Amino acid sequence: MNETPTVVVQNLCKAFVGPDGKRFAAIDHVSMAVRAGELTALVGPDGAGKTTLIRMMAGLLKPDSGSLQVLGIDVAAHPQSVQDRISYMPQRFGLYEDLSVQENLDLYADLHGVPQEQRHERFTRMLDMTDLARFTERPAGKLSGGMKQKLGLACTLVRSPDLLILDEPSVGVDPLSRRDLWKIVQQLVDEEQLSVIVSTAYMDEAERCGRVVVFNHGRLLADGSPGTLRQRARGMTYTASPPQGTPARELQARLIDRPDLIIDAVPRGGNVRFIRRAEEDEPRLKDVLRDAPYEPRPEELEDAFMMLLRQQEGEKGATKPSGEAPSIAVNGRQDQPVIVVRDLVRKFGDFTAVASTSFEVIRGEIFGLLGPNGAGKTTTFRMLCGLLPATSGYLEVAGRNLRTARAEARGRIGYVSQKFALYGNLSVRENLEFFGGAYGLRGQTLKERIAASLEQFDLDPSAQSGILPPGYKQRLAMATGLLHQPDILFLDEPTSGIDPLARRAFWRTITALAKGGVTIVITTHFMEEAEYCDRIAIQDAGKMLALGTPQQVREQTAASGAQDMNSAFIAIVEQGRAQREIAANSI
Amino acid sequence: MRRCLDYLAKVWALVHKEMLTLVKDPANRTLLIVPALMQALLYGYGATYDLTNVPYAVLDQSRGAASTELLARLDGTGVFHRVATLTSSGQLAGVIDRSEALVVISIPSDFEERVAAGQQAPLQVILDGRNSSTAGSAASYVSSIVASYNQSLGNVSSIAVVSRSWFNPNLESRWNMMPGLIASLSLIQTLMLAALSVAREREQGTFDQLLVTPFTPLQILIGKAVPSILVGLLQSTIIFLIILFWFKIPMNGSVWLLYLALFTFTTASVGIGLSISAVALNMQQAMLYTFMLIMPFMLLSGLLTPVRNMPEALQMLTYANPLRFGIDTVRRIYLEGAGLGDIAFNFIPLLAVAIITLPLAAWLFRNRLA
Numbered sequence: 001m002n003e004t005p006t007v008v009v010q011n012l013c014k015a016f017v018g019p020d021g022k023r024f025a026a027i028d029h030v031s032m033a034v035r036a037g038e039l040t041a042l043v044g045p046d047g048a049g050k051t052t053l054i055r056m057m058a059g060l061l062k063p064d065s066g067s068l069q070v071l072g073i074d075v076a077a078h079p080q081s082v083q084d085r086i087s088y089m090p091q092r093f094g095l096y097e098d099l100s101v102q103e104n105l106d107l108y109a110d111l112h113g114v115p116q117e118q119r120h121e122r123f124t125r126m127l128d129m130t131d132l133a134r135f136t137e138r139p140a141g142k143l144s145g146g147m148k149q150k151l152g153l154a155c156t157l158v159r160s161p162d163l164l165i166l167d168e169p170s171v172g173v174d175p176l177s178r179r180d181l182w183k184i185v186q187q188l189v190d191e192e193q194l195s196v197i198v199s200t201a202y203m204d205e206a207e208r209c210g211r212v213v214v215f216n217h218g219r220l221l222a223d224g225s226p227g228t229l230r231q232r233a234r235g236m237t238y239t240a241s242p243p244q245g246t247p248a249r250e251l252q253a254r255l256i257d258r259p260d261l262i263i264d265a266v267p268r269g270g271n272v273r274f275i276r277r278a279e280e281d282e283p284r285l286k287d288v289l290r291d292a293p294y295e296p297r298p299e300e301l302e303d304a305f306m307m308l309l310r311q312q313e314g315e316k317g318a319t320k321p322s323g324e325a326p327s328i329a330v331n332g333r334q335d336q337p338v339i340v341v342r343d344l345v346r347k348f349g350d351f352t353a354v355a356s357t358s359f360e361v362i363r364g365e366i367f368g369l370l371g372p373n374g375a376g377k378t379t380t381f382r383m384l385c386g387l388l389p390a391t392s393g394y395l396e397v398a399g400r401n402l403r404t405a406r407a408e409a410r411g412r413i414g415y416v417s418q419k420f421a422l423y424g425n426l427s428v429r430e431n432l433e434f435f436g437g438a439y440g441l442r443g444q445t446l447k448e449r450i451a452a453s454l455e456q457f458d459l460d461p462s463a464q465s466g467i468l469p470p471g472y473k474q475r476l477a478m479a480t481g482l483l484h485q486p487d488i489l490f491l492d493e494p495t496s497g498i499d500p501l502a503r504r505a506f507w508r509t510i511t512a513l514a515k516g517g518v519t520i521v522i523t524t525h526f527m528e529e530a531e532y533c534d535r536i537a538i539q540d541a542g543k544m545l546a547l548g549t550p551q552q553v554r555e556q557t558a559a560s561g562a563q564d565m566n567s568a569f570i571a572i573v574e575q576g577r578a579q580r581e582i583a584a585n586s587i
Numbered sequence: 001m002r003r004c005l006d007y008l009a010k011v012w013a014l015v016h017k018e019m020l021t022l023v024k025d026p027a028n029r030t031l032l033i034v035p036a037l038m039q040a041l042l043y044g045y046g047a048t049y050d051l052t053n054v055p056y057a058v059l060d061q062s063r064g065a066a067s068t069e070l071l072a073r074l075d076g077t078g079v080f081h082r083v084a085t086l087t088s089s090g091q092l093a094g095v096i097d098r099s100e101a102l103v104v105i106s107i108p109s110d111f112e113e114r115v116a117a118g119q120q121a122p123l124q125v126i127l128d129g130r131n132s133s134t135a136g137s138a139a140s141y142v143s144s145i146v147a148s149y150n151q152s153l154g155n156v157s158s159i160a161v162v163s164r165s166w167f168n169p170n171l172e173s174r175w176n177m178m179p180g181l182i183a184s185l186s187l188i189q190t191l192m193l194a195a196l197s198v199a200r201e202r203e204q205g206t207f208d209q210l211l212v213t214p215f216t217p218l219q220i221l222i223g224k225a226v227p228s229i230l231v232g233l234l235q236s237t238i239i240f241l242i243i244l245f246w247f248k249i250p251m252n253g254s255v256w257l258l259y260l261a262l263f264t265f266t267t268a269s270v271g272i273g274l275s276i277s278a279v280a281l282n283m284q285q286a287m288l289y290t291f292m293l294i295m296p297f298m299l300l301s302g303l304l305t306p307v308r309n310m311p312e313a314l315q316m317l318t319y320a321n322p323l324r325f326g327i328d329t330v331r332r333i334y335l336e337g338a339g340l341g342d343i344a345f346n347f348i349p350l351l352a353v354a355i356i357t358l359p360l361a362a363w364l365f366r367n368r369l370a
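Just so you know, the sequences run in chain order A and B.
Numbering-wise, the working numbering puts 392 at position 392 of the first sequence, and it's gapless, one number per residue.
Numbering-wise, the working numbering puts 125 at position 125 of the second sequence, and it's gapless, one number per residue.
Simulated from the structure, these hints should not be mistaken for laboratory data.
Since the model is a prediction, treat every value here as computed from it, not as a measurement.
Among the hints, erroneous ones may be present.
To be verified - Each pair of labels, with its calculated beta carbon distance range:
{"no.": "1", "chain 1": "B", "residue 1": "Gly-339", "chain 2": "A", "residue 2": "Ala-452", "range": "55 to 61 Å"}
{"no.": "2", "chain 1": "A", "residue 1": "Asp-20", "chain 2": "B", "residue 2": "Glu-336", "range": "53 to 59 Å"}
{"no.": "3", "chain 1": "B", "residue 1": "Leu-8", "chain 2": "A", "residue 2": "Gln-552", "range": "47 to 53 Å"}
{"no.": "4", "chain 1": "A", "residue 1": "Gly-145", "chain 2": "B", "residue 2": "Met-19", "range": "37 to 43 Å"}
{"no.": "5", "chain 1": "B", "residue 1": "Gln-315", "chain 2": "A", "residue 2": "Ser-144", "range": "50 to 56 Å"}
{"no.": "6", "chain 1": "B", "residue 1": "Phe-291", "chain 2": "A", "residue 2": "Ser-144", "range": "31 to 37 Å"}
{"no.": "7", "chain 1": "A", "residue 1": "Pro-470", "chain 2": "B", "residue 2": "Pro-26", "range": "24 to 30 Å"}
{"no.": "8", "chain 1": "A", "residue 1": "Leu-60", "chain 2": "B", "residue 2": "Pro-311", "range": "52 to 58 Å"}
We put the beta carbon where it would ideally sit given N, CA and C, even for glycine.
Only chain A is shown next, with the shape it has when bound in the complex (with noise of 0.2 Å):
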């Protein structure tokens, strides 16, 4: 049985009409073997070509040439018989959400037929691992994110399969909700000898994975064991430790913009871990680090991941340098809160969303606001922007109270939002032309500052906005939320969905505002991104938990044995869960 692969592809290319109307390869020219009873990963930036590979695997797509079998069986021919045996979780799953969880459970266990006989066994089987079995008179609607794609991946496997093919099933889902998630994905491969074939952007995800396959741009750019891809790394990766009093993101920032000598460089734990071409030699790098000292450290995947991706982008100089801060006018003291935020509180009904939470912001500082799904960190967010009136509290941003002086104080905001949230059949100019307006410029002070912005972010002024490429989109979203070079720019999870290098580049942009004055507010669910941050909050059930530099929150789980800030955060909230517990308990 082991011996046979599940599934064979062979020189396999797909090609789709792009929403500017030119062709592109979706999949261009894979070739690769999936082996059975094992976790496979497909591993790669968004647009790589992850879903349409899986999409073709489940039969929902035609390949363009080249052949594709899964489980023996020609898929393009004989669709039916595929996915009478496999089970496929795509990425947006079709819950019900009138239904209640017991009743979607049902319902997906009538499409596909399964006998009755069979049916309480295994609900209660998935009901268990999911731990939704308090659950199943809700309706689904009405459960937390997390909760939904465990949900999802119940009705998914409602009958036992002989394949089961995940697509980005941690796609916004918070630390606590990924890390169930992937133990109910182990344990099945470890009891049931299941064959699992799972795409995912996150790097501690593919570790996990028996076999990982990178993508980027429909292309494979490596196939192997995490412990070989690994190796590719080996020799160059470095940690570097700043200087006493300056912030890790900035001898980041001197890092990467030197994709001459450093291939990847990002904020950890307070330093830097960089990875250096092989070929330049100590002297050139100490004249980078300068003051800095540095030592070698074990290579992860992560190395690997990105090492590839430079070598097939970098090339072409994906990320330039985004220059030097761009001026921004501050004025004020440095050291001035510019967000007060003091017994703030949030009810919708009955539920409270915020409770009573207090905090301040100093300017120039880059803030992060963490928290699992549904924690209140998107309603403080948007009282913080004004998009949502506080239940009561005092609030004061850019030092205008936001209760008597709503309008002025969005004059001195800027906003950019988690979906890309301007006007898409506009040009970039067009839009840039509306918003600049909204914040009163006009005339020559407008002219000017959109030819400033289009040269800062390289944009295209005729482009048609909605068929910017994600990376681009959100550039323009950020020229449009500091046009009127506000002294906040509030940015709510600005890099789900942008790959790896746009990441990189986007903070780099972040620290150059920061260190120009401008105040950042920011939400986020990658955790490693904390640690660009001068402070975090993490929020849970609307309370604040941990308030502090990112040293001083893993310092508050030391105990637990955090070492990064993923595992930090798991820590934090379980900890507030248990004591809510306990509370809840001794009433």
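Could you slot chain B onto chain A? The hints should help.
Frame of chain A, contents of chain B only:
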């Protein structure tokens, strides 16, 4: 002065953006002109109660000079066309049942003698009542022909009705219908456009981006309302020009007053549309609400059936219907040449609707609970 200019510049930015998004979409561009054009022509030709062709059958059992003369008069109208000449009363039901004839005229065998003797001569007219209004018109047409024949025979009745219909001398239903369309056709488009404007932004996420700008609710309201009103007036103008120059229905009133009335009417419609838009979560909901409202607006407007024929309670309800006063005002200006003094009352319910819905929409923009 400077602040005033700043204010106007901001509002202009929003109006400009709204117009751009409207015009940039090719589907939108056709929507602005084609439906108004098409519907005006369709209604002009299609929606009419006028009788121009009445198929009829005859059962002439008298076959005398009097019956021949009467039938000749009927045929001479150009409206009545004989489709069958029946020979027995048994065939009578068949022609009506099969809708071959709308009217059957049955002349009894003693018709000739009675007319000659100066006696009352009954003439049976059988109508297809399945279409009551056409049958009614046909019946009255027959009566008037019989009356004029009576007169030619010298049977002058003591009272003769001489009617002249003002404003629409030939009582063409097109004259009644078309000016009403200036208001009603543009209502559909204006309502839809306004209802989608905020709902679309909410659905696409752009509304949040708009709300974080320093725009005040009033500025957003103006920015959203002005383009919809302009589009409404554009549509009204298209229909107005078609009626005036294509169907050649004479305009008796002042163009300025007509446009003042149309502006007030369109503003009230936009107020309703924007309120729908501010409540709706997405475009689908906005469409649903709009369709739910358009039907009663049309039925209770007096476009097809007079408001005074409706039950008392429904008549009260029509005061909330801008279309009722829109149609009435436009008709009266167009056909009667009514002056401002004559129609001043109609502005009150229109303004009332606008004054309630527009601020409601502005308030809802920001205060609608997520």
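Evaluated hints:
The hint said 55 to 61 Å for the Cβ distance between B/Gly-339 and A/Ala-452, and at roughly 58 Å that hint holds. Range check, A/Asp-20 to B/Glu-336: about 57 Å between beta-carbon atoms, so the 53 to 59 Å window is met. Checking the proposed 47 to 53 Å range against B/Leu-8 and A/Gln-552 shows it holds: the Cβ atoms sit about 50 Å from each other. Range check, A/Gly-145 to B/Met-19: Cβ separation about 39 Å, and the 37 to 43 Å hint holds.
Take B/Gln-315 and A/Ser-144: their Cβ atoms lie about 53 Å apart, and the range 50 to 56 Å holds. B/Phe-291 and A/Ser-144 have their C-beta atoms about 35 Å apart, which keeps the hinted 31 to 37 Å range intact. Our hint of 24 to 30 Å for A/Pro-470 and B/Pro-26 holds, since their Cβ atoms are close to 25 Å apart. At roughly 57 Å, the beta-carbon separation of A/Leu-60 and B/Pro-311 lies within the given 52 to 58 Å, and the hint holds.
Of the hints listed earlier, there is not a single one the structure fails to meet.
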